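Asker: As a plain string of letters, each chain reads:
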Amino acid sequence: GIQVEQSPPDLILQEGANSTLRCNFSDSVNNLQWFHQNPWGQLINLFYIPSGTKQNGRLSATTVATERYSLLYISSSQTTDSGVYFCAVGGSQGNLIFGKGTKLSVKP
Amino acid sequence: NAGVTQTPKFQVLKTGQSMTLQCAQDMNHNSMYWYRQDPGMGLRLIYYSASEGTTDKGEVPNGYNVSRLNKREFSLRLESAAPSQTSVYFCASRWWFGFGAQPQHFGDGTRLSIL
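Protein sequences appear in the order of chains G and B. For any residue, its number in this note's numbering is found by taking its place in the first sequence, counting from 1, and adding 60. For any residue, its number in this note's numbering is found by taking its place in the second sequence, counting from 1, and adding 20.
Please keep in mind that the hints were generated in silico from the structure rather than gathered at the bench. Everything numeric in this text was worked out from a predicted model, so none of it was measured. There could be a bad hint or two in this list.
Said to hold, decoys possible - A few chain B residues facing chain G, derived, Cβ under 8 Å:
no., residue
1, Gly62
2, Leu65
3, Gly78
4, Val108
5, Phe126
As the list claims (entries may be wrong) - Think about it this way: if two alpha-carbon atoms lie no more than 20 Å apart in a straight line, the pair counts; the simulated SDA-like pairs of lysine to any residue are:
no., chain 1, residue 1, chain 2, residue 2
6, B, Lys91, G, Asn98
7, G, Lys163, B, Arg64
8, B, Lys29, G, Ile104
9, G, Lys160, B, Asp128
10, G, Lys160, B, Met61
11, B, Lys77, G, Gln102
12, B, Lys29, G, Gln102
13, G, Lys167, B, Arg92
14, G, Lys160, G, Gly101
15, G, Lys167, B, Glu79
16, G, Lys160, B, Lys91
17, G, Lys163, B, Val108
18, G, Lys160, B, Asp58
19, B, Lys29, G, Gly101
20, G, Lys160, B, Arg64
21, G, Lys114, B, Glu79
22, B, Lys77, G, Ile104
23, G, Lys160, B, Gly78
24, G, Lys163, G, Thr80
25, G, Lys160, B, Glu79
26, G, Lys160, B, Pro59
27, B, Lys29, G, Pro69
28, G, Lys160, B, Val108
29, G, Lys163, B, Gly60
30, B, Lys77, G, Gln153
31, G, Lys160, B, Lys29
32, G, Lys114, B, Pro123
33, B, Lys29, G, Asn98
34, G, Lys163, B, Met61
35, B, Lys29, G, Trp100
36, G, Lys160, B, Val80
37, G, Lys114, B, Gln122
Backbone N, C-alpha and C fix where the C-beta goes; we use that ideal spot for every residue, glycine too.
All chains should be modelled from the sequences, with the hints used to inform the complete structure.
Answerer: Printed below as a string of structure tokens:
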């Protein structure tokens with residue numbers, strides 16, 4: 061099956077810093093989503109981005125499907141950005157296959 | 021707009037007890053999914069229902085059963101709970117016809133502890 065690898069596994073930032081999270085996947089996909097899991101455990105949809113680039117405020121994402129990777133950019137980080145960021149790609153059953161996540165801690 | 025609603029939000033069971041986790045979506049999606057999330061892990065697929073009237077096993081189906089009650093509702097049942105089933109359970113839905121791509125929408129999760 062498709063493998064999804066995220067890096068780095070852990071990231072500690074000072075408030076105001078920028079960061080890039082990476083997601084590599086082992087096969088071509090037609091669905092890729094980025095999620096933020098907040099400290100209360102809720103999964104927040106950030107981007108649906110099987111290819112191309114999207115931006116939403118301080119967050120942006122780029123997927124290069126031909127090279128099998130996606131990047132999530134966080135600019136001017138805030139303490140509320142803390143949590144776990146998951147990349148998930150489409151499986152053959154219409155499901156999502158998740159990476160293990162990047163745990164982000166933003167210090168004031 | 022409720023989206024995907026899961027009940028209950030928290031539950032504590034004793035080993036051997038049974039319970040049903042409920043999930044309902046109001047987006048008229050055809051496909052629904054149950055995942056579990058264990059500490060330090062991403063979500064793993066338990067069961068899914070590609071359309072009303074069909075259900076299939078995912079990656080980790082042992083110890084679970086599901087029912088697609090109608091287009092809106094998809095329940096997950098633990099017949100005899102075991103400590104290994106302590107986890108956070110997420111329900112999701114989407115439009116899916118075997119091709120193409122649409123985003124999945126997730127509920128807020130059910131936190132289940134089995135003693």
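Asker: Which of the listed hints are broken here?
Answerer: 6, 11, 13, 15, 16, 21, 22, 27 and 31
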